[in-house]
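K.L.:
Please work from the sequences and hints to get the whole structure.
From first to last, the protein sequence lines stand for chains A and B.
Taken in order, the first sequence gives residues 1 to 160; the numbers are from the working numbering.
Taken in order, the second sequence gives residues 1001 to 1424; the numbers are from the working numbering.
Derived coverage of chain A by chain B (criterion: at least 3 residues anywhere in the stretch with Cβ under 8 Å from a Cβ of chain B; other residues may be distant):
1) 5 to 16
2) 61 to 67
Okay, derived cross-link-like pairs now, BS3-like style, lysine-lysine, Cα gap no bigger than 30 Å in a straight line:
3) K7(A) - K1266(B)
4) K1389(B) - K1266(B)
5) K1220(B) - K1260(B)
6) K1389(B) - K78(A)
What follows is a set of in silico ranges between Cβ atoms, one per label pair, in the way DEER data are often shown:
7) R1046(B) - M36(A): 26 to 34 Å
8) E1299(B) - M36(A): 44 to 52 Å
9) R35(A) - I1258(B): 22 to 30 Å
10) P123(A) - I1253(B): 33 to 41 Å
11) M1317(B) - L6(A): 54 to 62 Å
12) L6(A) - S1314(B): 55 to 63 Å
13) H39(A) - G1210(B): 45 to 53 Å
14) G124(A) - P1167(B): 35 to 43 Å
15) K1050(B) - L26(A): 20 to 28 Å
16) L1257(B) - P47(A): 26 to 34 Å
17) N1391(B) - L5(A): 35 to 43 Å
18) S22(A) - D1036(B): 34 to 42 Å
19) L5(A) - I1003(B): 37 to 45 Å
20) P3(A) - G1236(B): 50 to 58 Å
Please keep in mind that the hints were generated in silico from the structure rather than gathered at the bench.
Predicted, not measured: the structure shown is a model, and the values here were computed from it.
From the three backbone atoms N, C-alpha and C, an ideal C-beta is built for every residue, glycine too.
Residue-level listing of the chains:
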Amino acid sequence: MIPRLLKALYWAEDLLLALLVSALLLLALSQIGLRMFFHTGLEWAEPVSRVGVLWLAMLAALGAARTRRHIAIDALPKILSPSGRRAAWIVSQLATAVICGMLAWYSYGMVQMERSAPAAFVPGIPSWWPMLIMPAGFALMSLRFAVAAFGPPHEPGAEE
Amino acid sequence: MIIGLLIVLMLAAFGMPLFAVIAAIALLGFHNAGDDLISVAVEYYRLGDKPGLIAIPFFTLAGYLLGESGTPQRLVRLSMSLLGWLPGGLAIVAIIACAFFTAFTGASGMTIVAIGAFLYPALVKAGYPERYSLGLVTSSGSLGLLFAPSLPLILYGFVAGQLNTTPPVTMKDLFLAGLLPGGLMVLMLSIHAMWVGRRIPKAAARFDAGELWAAVKDAKWELPLPLIVLGGIYSGKFAASEAAAVTTLYVLIVTVLIKKEITLRKLPALMSEAMRLVGAILIILGAATALSNWLVDQEVPTKMFQFSTQHVHSGGMFLLLLNAVLLLVGMFMDIFSAIVILTPLLVPVAVGYGINPIHFGIVMLANLQIGYFMPPAGMDLFIAAYRFKSNILTLTRACIPFFLIVGAAVLIITWWPWLSLALL
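P.N.:
Quick look at the structure:
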């Protein structure tokens, strides 16, 4: 049951990333088209696409935590014995979970601050909405790194 | 602060992802300066407030699509029919194809997988020494990252562009600046290839105009790519990020609709895979933005420049030292992290010495390129070891001549700014 749920989750995650980058591409292309052929443009396109890149980056980083694509210096773990490598893996992954937890917490603080002095991101959308990806993304990443700590260590070079 | 820093560095050595390492140092720094740590989150969030960043996901996607399609094969066929008759022809083909391909995939290790994997057996079969072939495909995995639109080039342009230097660093100038230095590397490696291939009788295939024409027709959809990437930017019609969007659209149409080499079913998985690489890079960039903000707050670049001028008196000396430092950094750190961390620190110092920041960027990238195939952390070594079922020691030995050649090219690029600046 759980493996099937996880598989569905991963599939949904992949689809979300693909849809997000497609949407950003569509937005950029329509801006170009509007400018070249109609000498006009969507006013909200620029801020939305900038924040869109941030959302994409956070969700993709969450995915990278799953597929262990995060860039790390793994020269030392490579020469450790299997049990030493395992220990280094557990410590480094748990520490990453803690850092992500802190980033999630302070991002939440940032959202709270923004809410107390609201501004408009684009008409109709308060400026703290696009910020929500920060606490959410880092909290989920924290969870993912904590779970990974108890899985098998990453095998360098095997990802390609 | 010192103890905290030591703990973080120890965790880094244990394999903690670099974004967490950098974020941890930033948290420590802001905490030490008595700032509210919410500032770190605010700095991170500024990633979503900067123009031009969108070029990174777009070009990465285009590179992944090309890598999964038949482009690598067509590229090799075309260069083979064009250059295969030269002594060392097949090796030169490998060099050129790798350089072109890396420009699009940003030296993410895909070149070895997509091109090296099928050229290595071909080189050995054609009679090239096994060690040379192995060294060639391993070291060429990072060749071409000076050519637009490679990811490291865009990343440097993005980070250095924020520093408001005089002269300013723009994507447009940077793309031009990389052409001659990158060309120099290709040329030097090709001359070496001719030398190695001079006594291999089978290496020299005859020139065949019919085959060349067939190869050109076969690759007709790929040939306009450099024009699409650069033409729009230099005609002034597109910004770099718009050129990225148009390029990606073109590649999508060619690979999915025209050539049908990527099925619609495979597309979401491929897109998400490409984006995960982007995520891994951008999350480091966010952390580095926070860190460099703190460093600038502490006037670290200014202090570095003052310290440096006391001991290093000329720009030339500074560049030489830089070569050594970057070589060392490249041995342990990947190019993306090195760029986002070092650029804000070193560019102000370089500008202080009167070094053009665009030339500086090219020197930095060329230098870091060597790190890709240097032990102990060179990514291409590990990918090649995995792909070619070899071990790191053998591969390192095989890479020594290439290390020397690319190293010599880096020195020339460093000391001859004209190469980087002539086309601007």
